[in-house]
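Participant: Required output: the full structure, derived from the provided sequences and hints.
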Amino acid sequence: MSATFTLDGKEVPFRDGQTIIQAAQEQGAWIPHLCYHPEFKPHGSCKLCTVTVNGRHMASCTTQATAGQVVESNTEALNDERRTLLQMLFVEGNHFCPSCEKSGNCKLQATAYELGMMTPHFDHFYPSRPVDASHPEILLDFNRCILCSLCVRASRDVDKKFVFALSGRGIGTKLIVNAASGRLADTNVAMDDKALEVCPVGVILRKRHGFAVPIGERTYDKAPISECPDYSPLPAKEEA
Amino acid sequence: MNDKDPAVAAVLPPILARWQDDPTALVQILREVQEQLDWISPEAIDVIEKALKLPRSKIEGVASFYSFFYTQPRGRYRVLFSDNIIERMQGSVALMERMCKCLWVEKGKVSEDGLVSIDTTSCIGMGDQGPALLVNNRVVPKLTEARVDQLCELIRSEVPLADWPAELFVVEDNIHRRDVLLDSDLAPGDALRAARERASHDGLDAANTRSWREGLPGGLIGPASVIEEVRRAGLRGRGGAGFSTALKWDACRNAPVADGKERIVVCNADEGEPGTFKDRVLLNSYADLVFEGMTVAAYAVGATRGFLYLRGEYRYLLDQLHAVLARRREAGVLGRNILGIAGADFDIEIHLGAGAYVCGEESALIESLEGKRGTPRNRPPFPVTNGYLDQPTVVDNVETFACAAMIALKGGAWFAGIGTEKSSGTKLLSISGDVAKPGIYEFPLGISVGQVLEACGASGTQAVQVGGPSGTCVNVAEFGRHIAFEDVPSAGAFMVFDSTRDMFEVARNFVHFFAHESCGFCTPCRVGTSLLKNLMDKLANGHGSPYDFGEIENMNHILQQMSHCGLGHSACNPVLDTIARFRPAYERRLSNVNYEPAFDLDRALAPARLMTGRDDEGAHLSVHFEESQP
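So the sequence lines, in the order shown, correspond to chains A and B. Using the UniProt record's numbering, read the first sequence as starting at 1 and increasing by one per residue. Using the UniProt record's numbering, read the second sequence as starting at 1 and increasing by one per residue.
Warning: the hint list may mix true and false statements.
[What the hints assert, rightly or not] Calculated from the model, a selection of chain B residues having no Cβ within reach of chain A, i.e. all distances over 12 Å:
hint, residue
1, 156
2, 158
3, 173
4, 194
5, 241
6, 259
7, 284
8, 355
9, 374
10, 390
11, 414
12, 416
13, 418
14, 525
[Claimed, not checked] Straight-line alpha carbon distances no greater than 30 Å define the calculated DSSO-like cross-link-like pairs of lysine-lysine that follow:
hint, chain 1, residue 1, chain 2, residue 2
15, A, 161, B, 50
16, A, 160, B, 372
17, A, 161, B, 261
18, B, 372, B, 410
19, A, 41, B, 372
20, A, 174, A, 161
21, B, 533, A, 174
22, B, 109, B, 533
23, A, 160, B, 261
24, A, 222, A, 207
[Unchecked claim] Some chain A residues judged to face chain B by a derived CB distance under 8 Å, without partners named:
hint, residue
25, 45
26, 62
27, 81
28, 84
29, 85
30, 88
31, 118
32, 122
33, 123
34, 164
35, 169
36, 176
37, 177
38, 178
Calculated directly from the structure, the hints in this document are not laboratory data. Source: prediction; values computed, not measured. Backbone N, C-alpha and C fix where the C-beta goes; we use that ideal spot for every residue, glycine too.
Facilitator: Right, dumping it as C-alpha cells:
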C-alpha cells in the first residue's frame, strides 16, 4: 500500500521521508522552485516552491509529505505570490537578460516567463556588485546572484571545499569566495567542481564558452521550464 | 603564530585556548577578538582559520552577519546611538548630530584620524533612561547635551574607556511596581528543595537521580512532578509566543538522547524587541531567580548543560553574572552533585550575542550558540528534539525561568491563582515613552491598558505599542483591552505615545528596524522589508499616493504568507495597525494623484549639487517636469 496526498486535486503517491516537491517531481508535476535541487539538501530560502498544505502556506521543498494532505500549487493566488517573489529577485540584483550568457538556460528567466511575469513592478535596487574575473577559466558575475546557495551546498557537500559562502545580512547578503583576497583565482576551485555546475542563473560562467549554443536553441527556448526535468545546467559540457 | 601583526599574535592565543579551539565557539571568539583589537582583521581571521580548522569563507560569513563585528577598522571609540523611536522622541537624533559635529565625523563613517566612528544601532534596551548609546559595547544612558559634550571631550583626549567616570555607565533598574516575581527573596536552592520536597516519594532514590543524569522518563514523582506543577500553573512562555512551558519541557524530556549526547536548557536573554528591557532588570537584580529557574528546568527535563544567551548590548552584565554563577557553584546549587545528590549535574555557560535581533528566534539563537550565522532553521524538527548540536533543547525566556522558579517554590495552584484563566501569573512590563515614571512594572496578567497607563502616570495618550514593533498598536478606544494572551499579548514592551506624536513616524521607525534586522535568508523578508522601508520613505518624502496603500497591503500579504520566520510575518504589523487607527497621519502625506513615482529628478540631483557646491535656484528643477511639457 502506498500512501498518497493530493496535489491540485490529483493523487500523488509518496515514500516515507519524501518531501512534497520530491514526490511531485517523481510524478512529473512541476512546482516552481529556484533554490531547490534534487541532488542537494533542501534550503527553503527562495520560497518560490511555497504551496498550501491543508490551507497553510508551506515551502514544499522542506515539508514532508504525509498521507491525506491537500496540497494546492497551481492556483492563481499562489502564482500571483510567486510572481511577486520573482519580481523581488529581479529588482534586488542587476538582471539584464538580453546581454546575459545564461539567457535561455536561466531558471529565473524561464520561471518568470512560465509564470507570466510581465514587469519588474518594483523600483530597482541597482546594487553595486563588482564582477570577479580573476580566475583564468571562470567568471563570477554577482549581479545575477539570487542567493539560492546551491553553489555553497555543492562545494560544501560534494566538493568538500567551501569555495563559496554567504556573507553579510539582510538586503546586504552576498556571495563570497574562500580566499583572503576575496578573489576566486586564489581559491582551490577546480574545473570539475560540482559547484561550478549548479548555478540556476548566470553568476558562475566559464570563460570563452559564450553563446556556443545560439539564443533560441537553448534549454528553455525549446520547452518551458514546467516541462523540463530538473537538470543541472552544464553550459560547458552541453556545448562541448 | 602570526608575524605580521604583533597585536594579533599576542591577543589571539589566550582567547583560542580559553575556548579550546572549539569551532562552535566561533561567535564568542570573534566577540573577544573584536573587544580586544577593536576590529576583526584579516590577520586575526588567518589565525582563527588555522586554529579552528574552519574555512575562511565561513568565518567571514559569520563575522559579517552580526552588527557588532567589524571586518574593517571602525575607530578606537565606536559610538552607537540607540535608534529606538522612544529615544528619537527624547532627542537622540539631535544629540548624535551634536556629537558628529563636535568630533568632526560623519554618521556611519570613521574619523580621518581613525579615532572614532558614530552610527546608530537598534534599540539597546534603555528605553526607560534614554537617550542612550553604546561606546565599545558599554552602555551610557541618560544622554543630555552636557553628557554628550563630556563624552566628546573624553574621546578627543583619548582617555581609555576604563578610566571614564563610573557614573557615566550607571544603569538604573527603575522598578515601580512589584508583584510575586520582583517581591521574591528566594535564596539559592530554595526552589529546587521545595520541588523535591513536594514530590514526597522522590527522596534521593536512584531512579530519579538517573532520571536527571540520563533524562529517563520517571514516574509522576520527582522531575516529572515539576513539569506537572508547571502544567498546573498554566505557565506560558514570556518571550511573546505564549507556548505552554510544560508541553515544551515534556517534549524535551521525552525526546530520545543518543549516546554521548545530553539535554540542554537555554535561557533566551537576547532581549531585542525594541522597547523591552525587563530581562535587563531581572538579570541585574534577580539573576539567582533566573538561574534557579534554569536549574529547575534542567531537573525537570534531565538536562546537564545550560546556556544563557545574553544580547551583546548587555555585555556590561557579563562579569556580575559570572560571579553569580560562581557563587551558586560554591553553594552547591550548580555544577556537580547539586544539593548533594550524586549525579545531579548541571552547569550554565554564558554566550553573548553581537547585535542581531533575529537571534531571539529560538532556532536562530541555537545556530548562533553553535558559532554560526543566526539564520532560523527549517522546522520541524523542533529544538525540543533536535536543538543545540542536534540535542534535545529547551529554549525559554528569562522571565519564564523566573516564573518557573517561583512555581517550583510555591506550587502550580498558587501561580494559577494569579492573572486570568488563560493567562496565569504576572507580567513584567517595560514602560517607556510619554509617561511620568518610565521603568519596570509587574502586574498580574489581565490588567487593562488603561490601568497600566494610570499607574505609570501617562496623560494625553493617543496610542500604546504593546509588545514592541512586532506586537499590537492600541488607540484610546482600546485602552479597556487587557494585557493577556487571549487579548493583547505582550513580550513586555509598553511604549506610550501622547497626542503630540506622529504615529506615521513611529511605524516608519519600526519598518526601518525590521529591514535592518532581516537575516536575509528568505526572499520575501530580505527584499520585502527593504521594499516596505522604501515605501514608507516615499510617503515620508511627500511622494505617497493612494496607490501605495495597495502596495503596502500587498507587501504585508507576501511577508505574512511566504516568510520563513516571525520577523517577516510581523514586519508589516506596525504599518497596518497604524493605517487602521491613525489613517490621517498617512493621508497627510499623500499627494493628490493616484500614482506618484518614487523617483524624483530634483532629489536625484542632490549629489550633483553637493559636488558642485551649488544650491541656488538654477540648480533646482523649479517647475515640475510635466508642467514644462507643451
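Participant: Verify that the Cβ of residue 156 (chain B) lies farther than 12 Å from every Cβ atom of chain A, and report whether the claim holds or is violated.
Facilitator: Nearest chain A Cβ is 32 Å from residue 156 (chain B), so the label holds.
Participant: Are all beta-carbon distances from residue 525 (chain B) to chain A longer than 12 Å?
Facilitator: At about 9 Å from chain A, residue 525 (chain B) fails to clear the 12 Å cut-off, so the statement is violated.
Participant: Once the shortest beta carbon distance from residue 45 (chain A) to chain B is found, is it less than 8 Å?
Facilitator: Holds. Min distance 5 Å.
Participant: Holds or violated: the hint that residue 123 (chain A) contacts chain B, with Cβ atoms closer than 8 Å.
Facilitator: Status holds, d = 5 Å.
Participant: A closest beta-carbon separation below 8 Å is what the hint needs, so does residue 164 (chain A) meet it against chain B?
Facilitator: With Cβ-Cβ at 7 Å, under 8 Å, it holds.
Participant: Hint check: residue 161 (chain A) vs residue 261 (chain B), CA-CA at most 30 Å. Holds or violated?
Facilitator: Holds, at roughly 28 Å.
Participant: If I take the minimum Cβ distance from residue 418 (chain B) to any residue of chain A, is it greater than 12 Å?
Facilitator: holds (35 Å)
Participant: Would the stated hint for residue 118 (chain A) survive a check requiring a Cβ distance to chain B of less than 8 Å?
Facilitator: violated (16 Å)
Participant: Identify whether the interface hint at residue 81 (chain A) stands, where standing means a beta carbon of chain B within less than 8 Å of its own.
Facilitator: Holds: closest Cβ of chain B sits about 6 Å from residue 81 (chain A), inside 8 Å.
Participant: Given residue 177 (chain A) as an interface hint, is its Cβ closer than 8 Å to any Cβ of chain B?
Facilitator: holds (7 Å)
Participant: Closer than 8 Å between Cβ atoms is the bar; does residue 85 (chain A) clear it against chain B? Give me holds or violated.
Facilitator: This hint holds: residue 85 (chain A) lies near chain B, its Cβ roughly 5 Å from the closest one there, short of 8 Å.
Participant: Does the no-contact call for residue 158 (chain B) survive, Cβ to all of chain A over 12 Å?
Facilitator: holds (31 Å)
In summary, the structure is inconsistent with hints 8, 9, 14, 18 and 31 from the numbered list given earlier, while agreeing with the others.
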